[in-house]
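K.L.:
The chain contents come next:
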Amino acid sequence: MDIQVRVWRQDGPSDKGRMVSYDVKDISPDASFLEMLDVLNEKLILDGDDPVAFDHDCREGICGMCGMMINGVAHGPERATTTCQLHMRHFSDGDVIDVEPWRAAAFPVIKDLVVDRGAFDSIIQAGGYISAPTGTAPDAHATPVPKADADAAFEAATCIGCGACVAACPNGSSMLFTAAKVSHLGLLPQGQPERDSRVLDMIAAQDEAGFGGCTNAGECTTVCPKGIPLTLIGRLNADYRNALRKG
Amino acid sequence: MTKAPVRKPVPATRSTVSLKLLMAVTGLLLVAFLFAHMTGNLKLFVGPENFDHYAHWLRTLGTPLLPETWYLWIQRAGLTVALIGHIAAATILARRARKARPVRYAHRPKVQGSYAARTMRWGGVIVLLFVIYHILDLTTGTVNPAGGDSEPSARVIADFAPGRWYVTLFYTLAIVAVGLHLRHGIFSAVRTLGQRSPRGERRARQAALVLSLVLVIGYLSVPFAVLTGLVG
Numbered sequence: 000m001d002i003q004v005r006v007w008r009q010d011g012p013s014d015k016g017r018m019v020s021y022d023v024k025d026i027s028p029d030a031s032f033l034e035m036l037d038v039l040n041e042k043l044i045l046d047g048d049d050p051v052a053f054d055h056d057c058r059e060g061i062c063g064m065c066g067m068m069i070n071g072v073a074h075g076p077e078r079a080t081t082t083c084q085l086h087m088r089h090f091s092d093g094d095v096i097d098v099e100p101w102r103a104a105a106f107p108v109i110k111d112l113v114v115d116r117g118a119f120d121s122i123i124q125a126g127g128y129i130s131a132p133t134g135t136a137p138d139a140h141a142t143p144v145p146k147a148d149a150d151a152a153f154e155a156a157t158c159i160g161c162g163a164c165v166a167a168c169p170n171g172s173s174m175l176f177t178a179a180k181v182s183h184l185g186l187l188p189q190g191q192p193e194r195d196s197r198v199l200d201m202i203a204a205q206d207e208a209g210f211g212g213c214t215n216a217g218e219c220t221t222v223c224p225k226g227i228p229l230t231l232i233g234r235l236n237a238d239y240r241n242a243l244r245k246g
Numbered sequence: 000m001t002k003a004p005v006r007k008p009v010p011a012t013r014s015t016v017s018l019k020l021l022m023a024v025t026g027l028l029l030v031a032f033l034f035a036h037m038t039g040n041l042k043l044f045v046g047p048e049n050f051d052h053y054a055h056w057l058r059t060l061g062t063p064l065l066p067e068t069w070y071l072w073i074q075r076a077g078l079t080v081a082l083i084g085h086i087a088a089a090t091i092l093a094r095r096a097r098k099a100r101p102v103r104y105a106h107r108p109k110v111q112g113s114y115a116a117r118t119m120r121w122g123g124v125i126v127l128l129f130v131i132y133h134i135l136d137l138t139t140g141t142v143n144p145a146g147g148d149s150e151p152s153a154r155v156i157a158d159f160a161p162g163r164w165y166v167t168l169f170y171t172l173a174i175v176a177v178g179l180h181l182r183h184g185i186f187s188a189v190r191t192l193g194q195r196s197p198r199g200e201r202r203a204r205q206a207a208l209v210l211s212l213v214l215v216i217g218y219l220s221v222p223f224a225v226l227t228g229l230v231g
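For the protein sequence lines, the chains are Y and C, in the order given.
Residues in the first sequence are numbered from 0 upward in steps of one, following numbering that gives the first Met the number 0.
Residues in the second sequence are numbered from 0 upward in steps of one, following numbering that gives the first Met the number 0.
Next comes chain Y alone, as it looks inside the complex (with noise of 0.2 angstroms):
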């Protein structure tokens, strides 16, 4: 298949950017959107010209390296699915699509389509941890989980930081990631001992970076390539709630 990509081009952090068109030709439709993109490369390459620079790292839709806004829509139109695993059976030949870097004041573009996702770090490193002590490993059944908190520990715990919550928001909110972060330790005894405070200050360092507030709109969700629900958004503030109330 035959197909145009509109590129954001930006060749580093201070240049303006601009988006660029490229005739991308004979596409197996089998083909994930990212080796469509390394087809386009190797062409640009081979005219002398600078490759589109974008992250990967898996390309097995595990890591959360890679994500771009496709016409639009963080990740694509696939629902919870990442760009790499995106195929270009979804699209049609002859299509036009836009590719553009995620967005946000607190993910600034380094190149064409790759951001720096640091601010993500400075949330983690506010709270993302637990107090354990160290030496020979616990046994399994030493601290005894309910299922249901093991499951939706788990489900928040598939969160793989690749920042398409943001990218969608309307404000520039990475409320699903924390409160991901947040969830996924606070459902667990292990995580208990720093829950008032881990709220408090991931949602601290989440200010600091720049990013927006949660008005509940819901584009986080629909665009998740691990489905991580609005519910815990609702889990995050229940935590600070309680955690302002104790001081």
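These are computed hints drawn from the structure, not numbers from a lab.
Since we're looking at a predicted model, the values are computed, not measured.
Beta carbons: idealized from backbone N, C-alpha and C, even for Gly.
Please note that the accuracy of each hint is not assured.
[As the list claims (entries may be wrong)] One-sided excerpt, in silico: chain Y residues whose CB lies under 8 angstroms from chain C:
no., residue
1, L33
2, N70
3, I202
4, A203
5, N215
[To be verified] Not close to chain C: a few residues of chain Y, all C-beta gaps over 12 angstroms, as computed:
no., residue
6, V23
7, N40
8, P145
9, G160
10, P188
11, Q191
Take the given structure of chain Y and dock chain C to it, following the hints.
P.N.:
Coordinates of chain C only, in the frame set by chain Y:
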């Protein structure tokens, strides 16, 4: 390596989540007032005298413990404080949201979110302008054809007379704006206050829809009853 611009640390009381809590509490307080106000309005269907009697009772409410009209002024002060808190928090959050996305998307379809959720901010501004007009119209009577010295029922009946269909139209649009604001707002407030189960979410969305519809129908019934000659 580029670094995202780090903003000043925000104290917990002014974090985005705390500001949303303030909006949720003040918003729900204002919704409670809307229901009380609607109940009063519906008394017009019992009769204009009943409606006027209720309006006068509001001025003597709390007496003899409180001097006359004191209760009303305490309520007005409370509502004004809630309204200012709601708008101030909304303004701060809207500014933070704007700063959070300095470069806009070239291609951005109107996606998943509901119309009500997308129009909260401008819808809120429209509702505020309506509230100002509404007070000048039916509370002070400044822009009302019957004037400020008339009975409340006379003001309402003069306001929505068929010849002034444009006033009824304006009220209708404003009430629909309130309904849309609350359809997302009530759900959002409940979520902000910590609602976190999928079943609770379904209930909160249904409750927000039903409560908004009840308010829209309740509030629109009076102007349309006057317009069609059912009342007055």
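K.L.:
Does each hint fit the structure? Answer for all of them.
P.N.:
Here's how the hints hold up against the structure:
1. L33: violated, 19 angstroms
2. N70: At 6 angstroms from the nearest chain C Cβ, N70(Y) passes the 8 angstroms test, so the hint holds.
3. I202: I202(Y) check passes; min Cβ-Cβ to chain C is 5 angstroms, inside 8 angstroms.
4. A203: holds, 6 angstroms
5. N215: holds, 4 angstroms
6. V23: Given a closest Cβ separation of 17 angstroms, the condition holds.
7. N40: N40(Y) clear of chain C: closest Cβ-Cβ about 21 angstroms, beyond 12 angstroms.
8. P145: holds, 15 angstroms
9. G160: Correct as stated: the minimum Cβ-Cβ distance to chain C is 15 angstroms, above 12 angstroms.
10. P188: holds, 19 angstroms
11. Q191: Fine: 17 angstroms to the nearest Cβ keeps Q191(Y) off the interface.
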